[in-house]
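Protein chains in written order, with this note's numbering: chain P, 16 to 344; chain Y, 614 to 914; chain D, 4 to 322.
For the record, the hints were derived by calculation from the structure and aren't laboratory data. Don't take each hint at face value.
Stated by the list, open to error - Straight-line alpha carbon distances no greater than 25 Å define the calculated DMTMM-like cross-link-like pairs of lysine to aspartate or glutamate that follow:
{"#": "1", "chain 1": "P", "residue 1": "Lys220", "chain 2": "P", "residue 2": "Glu135"}
{"#": "2", "chain 1": "D", "residue 1": "Lys6", "chain 2": "D", "residue 2": "Asp216"}
{"#": "3", "chain 1": "Y", "residue 1": "Lys807", "chain 2": "D", "residue 2": "Glu147"}
{"#": "4", "chain 1": "Y", "residue 1": "Lys807", "chain 2": "D", "residue 2": "Glu173"}
{"#": "5", "chain 1": "P", "residue 1": "Lys220", "chain 2": "D", "residue 2": "Glu116"}
{"#": "6", "chain 1": "P", "residue 1": "Lys37", "chain 2": "P", "residue 2": "Glu79"}
{"#": "7", "chain 1": "P", "residue 1": "Lys37", "chain 2": "Y", "residue 2": "Asp877"}
{"#": "8", "chain 1": "Y", "residue 1": "Lys807", "chain 2": "D", "residue 2": "Glu116"}
{"#": "9", "chain 1": "D", "residue 1": "Lys6", "chain 2": "P", "residue 2": "Glu135"}
{"#": "10", "chain 1": "D", "residue 1": "Lys45", "chain 2": "D", "residue 2": "Glu173"}
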Amino acid sequence: MTSANTSVLDIQDLSIEFPVYKGAVRAVNGVCVRVGRGEIVGIVGESGSAKSVTAMMAMRLLPEGRFDVTGGSVTLLGRDVIAAREEEMVDIRGRDVAMVFQEPLSALNPTQRIERQMLEVIRLHRRCSASAARALAIRLLGDMRIADPEQVLQRYPFELSGGMRQRILIALAFSCDPKIIIADEPTTALDVTVQRQVLQLMRAKARELGTAILFISHDLAVVSQFCDRVYVMYAGAVVEEGPTGVVLGTPRHPYTRALLNALPERVRPGESLQSIPGSVPNLSSLLSGCAFSPRCEHAAPACSGKPQLADVGPQNHRAACWLVKETLP
Amino acid sequence: MASLSHAVVATGSVKPADTSQTSNWGFLLYRLRSSPLTVVGLFMIVIVLILLVFAPLIATHDPNVISLKVRLAAPSAAHWFGTDEVGRDLFSRVVYGGRLSVSVGFFVVFIAGTSGTILGCLSGIMGGKVDTILMRIMDIVLSVPSLVVTMALAAALGPSLVNAMLAMALVRIPFYVRLARGQALTIREMPYVKAAQIFGASNWQVLRWHVARNAMPPLIVQATLDIGGAILMASALSFIGLGAQQPTAEWGSMVATGRNYMLDQWWYSAFPGLAILFTATGFNLLGDGVRDLLDPRQKGR
Amino acid sequence: MSKTSLLSLDGIRVRFSIGADWLGRPTALVNALNGIDLSVMKGEVLGIVGESGCGKSTLANVLTNLVRPTEGRMAWAAGAARQLQIVFQDPQSSLDPRLPAWRVITEPVFLRERRSSADLRCLAGDLAEQVGLRREQMDRYPHEFSGGQRQRIAIARALSSSPDVIVLDEPTSALDISVQAQILNLLADLQRSRGLTYILISHNISVIRHMCDRIAVMYLGQIVELGTAADVLARPAHPYTRLLLDSVPQIGRALDAGLPIGETELPSNRRLPQGCFFRERCLFAAAGCDQVQALATLASEAHLARCHRAGELAATLHP
Numbered sequence: 016m017t018s019a020n021t022s023v024l025d026i027q028d029l030s031i032e033f034p035v036y037k038g039a040v041r042a043v044n045g046v047c048v049r050v051g052r053g054e055i056v057g058i059v060g061e062s063g064s065a066k067s068v069t070a071m072m073a074m075r076l077l078p079e080g081r082f083d084v085t086g087g088s089v090t091l092l093g094r095d096v097i098a099a100r101e102e103e104m105v106d107i108r109g110r111d112v113a114m115v116f117q118e119p120l121s122a123l124n125p126t127q128r129i130e131r132q133m134l135e136v137i138r139l140h141r142r143c144s145a146s147a148a149r150a151l152a153i154r155l156l157g158d159m160r161i162a163d164p165e166q167v168l169q170r171y172p173f174e175l176s177g178g179m180r181q182r183i184l185i186a187l188a189f190s191c192d193p194k195i196i197i198a199d200e201p202t203t204a205l206d207v208t209v210q211r212q213v214l215q216l217m218r219a220k221a222r223e224l225g226t227a228i229l230f231i232s233h234d235l236a237v238v239s240q241f242c243d244r245v246y247v248m249y250a251g252a253v254v255e256e257g258p259t260g261v262v263l264g265t266p267r268h269p270y271t272r273a274l275l276n277a278l279p280e281r282v283r284p285g286e287s288l289q290s291i292p293g294s295v296p297n298l299s300s301l302l303s304g305c306a307f308s309p310r311c312e313h314a315a316p317a318c319s320g321k322p323q324l325a326d327v328g329p330q331n332h333r334a335a336c337w338l339v340k341e342t343l344p
Numbered sequence: 614m615a616s617l618s619h620a621v622v623a624t625g626s627v628k629p630a631d632t633s634q635t636s637n638w639g640f641l642l643y644r645l646r647s648s649p650l651t652v653v654g655l656f657m658i659v660i661v662l663i664l665l666v667f668a669p670l671i672a673t674h675d676p677n678v679i680s681l682k683v684r685l686a687a688p689s690a691a692h693w694f695g696t697d698e699v700g701r702d703l704f705s706r707v708v709y710g711g712r713l714s715v716s717v718g719f720f721v722v723f724i725a726g727t728s729g730t731i732l733g734c735l736s737g738i739m740g741g742k743v744d745t746i747l748m749r750i751m752d753i754v755l756s757v758p759s760l761v762v763t764m765a766l767a768a769a770l771g772p773s774l775v776n777a778m779l780a781m782a783l784v785r786i787p788f789y790v791r792l793a794r795g796q797a798l799t800i801r802e803m804p805y806v807k808a809a810q811i812f813g814a815s816n817w818q819v820l821r822w823h824v825a826r827n828a829m830p831p832l833i834v835q836a837t838l839d840i841g842g843a844i845l846m847a848s849a850l851s852f853i854g855l856g857a858q859q860p861t862a863e864w865g866s867m868v869a870t871g872r873n874y875m876l877d878q879w880w881y882s883a884f885p886g887l888a889i890l891f892t893a894t895g896f897n898l899l900g901d902g903v904r905d906l907l908d909p910r911q912k913g914r
Numbered sequence: 004m005s006k007t008s009l010l011s012l013d014g015i016r017v018r019f020s021i022g023a024d025w026l027g028r029p030t031a032l033v034n035a036l037n038g039i040d041l042s043v044m045k046g047e048v049l050g051i052v053g054e055s056g057c058g059k060s061t062l063a064n065v066l067t068n069l070v071r072p073t074e075g076r077m078a079w080a081a082g083a084a085r086q087l088q089i090v091f092q093d094p095q096s097s098l099d100p101r102l103p104a105w106r107v108i109t110e111p112v113f114l115r116e117r118r119s120s121a122d123l124r125c126l127a128g129d130l131a132e133q134v135g136l137r138r139e140q141m142d143r144y145p146h147e148f149s150g151g152q153r154q155r156i157a158i159a160r161a162l163s164s165s166p167d168v169i170v171l172d173e174p175t176s177a178l179d180i181s182v183q184a185q186i187l188n189l190l191a192d193l194q195r196s197r198g199l200t201y202i203l204i205s206h207n208i209s210v211i212r213h214m215c216d217r218i219a220v221m222y223l224g225q226i227v228e229l230g231t232a233a234d235v236l237a238r239p240a241h242p243y244t245r246l247l248l249d250s251v252p253q254i255g256r257a258l259d260a261g262l263p264i265g266e267t268e269l270p271s272n273r274r275l276p277q278g279c280f281f282r283e284r285c286l287f288a289a290a291g292c293d294q295v296q297a298l299a300t301l302a303s304e305a306h307l308a309r310c311h312r313a314g315e316l317a318a319t320l321h322p
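With the rest of the complex left out, here is chain P (with noise of 0.2 Å):
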């Protein structure tokens, strides 16, 4: 159990909403995340789910003035983010925070070298001389099997390749010793041999500085491989918790289970996949009670109550269904 003192990042009861034409959007319910030191901790989902908003929230880069938080806090390292002020945030981020997005196309400034943007943001946080943050960038770049670092420095980020220039924004993101880094989709536009290389040097380095990682994705396969435990959303609450294994192994909400049967790699060649029925539902018009009761196929009249997580299992595996009380078949 990750007790207060000793996690890095910790979201409890979490609701935001989104005030939209004709009323609002509740995009987040509820919603507790904790990661501890030197963990690495996936938040798993389909679109909809709130995951890559939940992560944002971490360090509060949610546009000011269109978002409410309506209840919950969020602690950073010991800080309150919600209440901090932006000078606060500012400072947090990159140095103790540090966020790796899905498209490093849109991360990196067309118009300025490698080593001028690298430069920029070690020096920023570290204060060190210009020669010191240059031979730390080509350390970085060397541990993540960057060959040749010295000429990719003098390179324009047009010039390289996607799988390089992602390698880059990690090395950055190691760069400053961070707490925890928050990575949202980081190899989703990524080809599987380098997805494969990029999470092997992430989790190596992470394990060396003791760095936590907080890895949002849609892919179960992935999370499976490289978090250590995994939290499952569904339509901004979440449905399931636990070790990543265990999770995946057995999983025990009707949602994690409907989803990994829906996998293409369950049914044999060309017999039919196991779909789920219906479709994630709208986030401004949100019953109360269970989210996704009306594509379930055990939904009862208990699932109009709202659904508390509850334990199931060893090493704190817990699902938010009335029916875990029972036993699922």
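Please arrange chains Y and D on chain P, whose structure you already have, making use of the hints.
Only chains Y and D this time, still in chain P's reference frame:
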């Protein structure tokens, strides 16, 4: 930020899927609320349009009736904007003159806009030699100061409002061609255009069904902004005698004639001038607002 | 082999010029496709697998006639209707946002024949029902549909002109897992009921494994392995195929499992490598790899690999 907009859109459709008329208008009003200046612009245009459409009901006098007894009279209860040098009521002349000025503005933009769009889109879609040749022609037109070209053309064709209109339209065409071509270049890379080409669409069909409509937003914005400019330009041409001829009431020519009387009879130039200012500002504000409303980043909310 | 060849590609090479000097002569060339020989059999689902830079997009463009090959030819079998349609990856940008669904679906027909709107709407309604949409939704615009529904519209569009072959270019990559399952089921049903031939281009091995009868693995503009799905996936004969299969994330398989990763950067396609294109990244490179590799047959006639060591490496490469 790309990730956030993806997150917000991905958190569910924000606009209700109900496509009834009322909710679409309601949504429009919601968007307008965040842009008060657009509403102001819209308001101004509506006022102008009402004045023009209902000119016969609003004008106090016949704009062409001469009455030497009351020549150059100051604004009063009888003549709200005063009278000109032959005693014609200026208020009525401003109201009726607006019809000419504003319609000239509209026509110029319409002609330039439609032909420019078609040419630009075709150029963008076809590429190659056609594109190169057309763009060089446009460059030539653009390299000469527009007022000079307009004046030369208007003078060559003979001074009249229609000729001035044609000249102005011609000179504006390159802007639309450029804009449309840029749009076409982007749009033709879109999968739905490639799909159409795979299905066997000809260049013309691609233009007609896909490129033209999707290229519209920035063109509409440009057109709305241009209307104000065209009205100003028409007035400028009339001012130098190449547009509306006497005794036609037109804002620019009235300002021009009023020049002679400016020291003692300030109202002669002032009111038509104010009318030009008011209308052009209204269109500019509206154009800015339309651009924001049509901004694709705002689309999909 | 009871299947007949519907379409064959012979020696297809595609070179694009990038940058031109002031006289218009190209200053550099991109070698997108470097010798593709492929036959598409009637009624099969042929999978094209590869990563970025392998040329699969260019191949799709050649198949759909958007790009003319610099060398080689594409030939349809005698009697075939020569109709090829395509479903793109991104359901958002592959449908014109300003046209209603019925118009989008019937576009292939609209562009070729003169038919009344009523006729087209009726056709659209029929097709909509076959892909799991409702007739009443046909007046709506694309943005009013979900991603999965838009992809169904794209599929209906591909069906509207009754094609022989449909090229599916990453049809489910932009969709959620649950939606992907629905779309894949739909595609399989349509294939069976209409006897369609699919060319499925994807980087998602699990989708390929699920749908395809035969698989072609591409690397740097060449086919490096070609065979039945069972052969290629269970008994890969080319080191690149093995690398690909190892890299595909699987639930329950550790990140470090499989053969070690070498270099992950692709060689440049401007100046092609000498001999085997994969040599620099290959763990099994040896003498003889600097010669041009031909797509040779292996034990089974239907299984080809572009590696002179394929036979001896067989045991090592099988996962």
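Structure-based check of each hint:
For the hint linking Lys220(P) to Glu135(P), the alpha-carbon distance of about 22 Å falls within 25 Å, and the restraint holds. Distance restraint check for Lys6(D) and Asp216(D): the Cα-Cα separation of roughly 12 Å lies within the 25 Å cut-off, and the hinted pair is therefore satisfied. Between Lys807(Y) and Glu147(D), the direct Cα distance comes to roughly 22 Å. Compliance with the 25 Å bound is thereby established for this hinted pair. Taking the CA atoms of Lys807(Y) and Glu173(D), the gap is about 16 Å. The hint holds against a cut of 25 Å.
At most 25 Å may separate the alpha-carbon atoms for a hinted pair to count; Lys220(P) and Glu116(D) exceed this at roughly 61 Å. Under the criterion of a C-alpha separation no larger than 25 Å, the hint pairing Lys37(P) with Glu79(P) is consistent with the structure, at around 20 Å. With a C-alpha separation of about 58 Å, the suggested pairing of Lys37(P) with Asp877(Y) is violated against the 25 Å cut-off. With a C-alpha separation of about 19 Å, the suggested pair Lys807(Y) and Glu116(D) falls inside the 25 Å cut-off, and the hint holds.
At roughly 61 Å between alpha-carbon atoms, Lys6(D) and Glu135(P) are farther apart than 25 Å, so this suggested pair is violated. For a cut-off of 25 Å, the pair hint linking Lys45(D) to Glu173(D) stands: about 21 Å separates their Cα positions.
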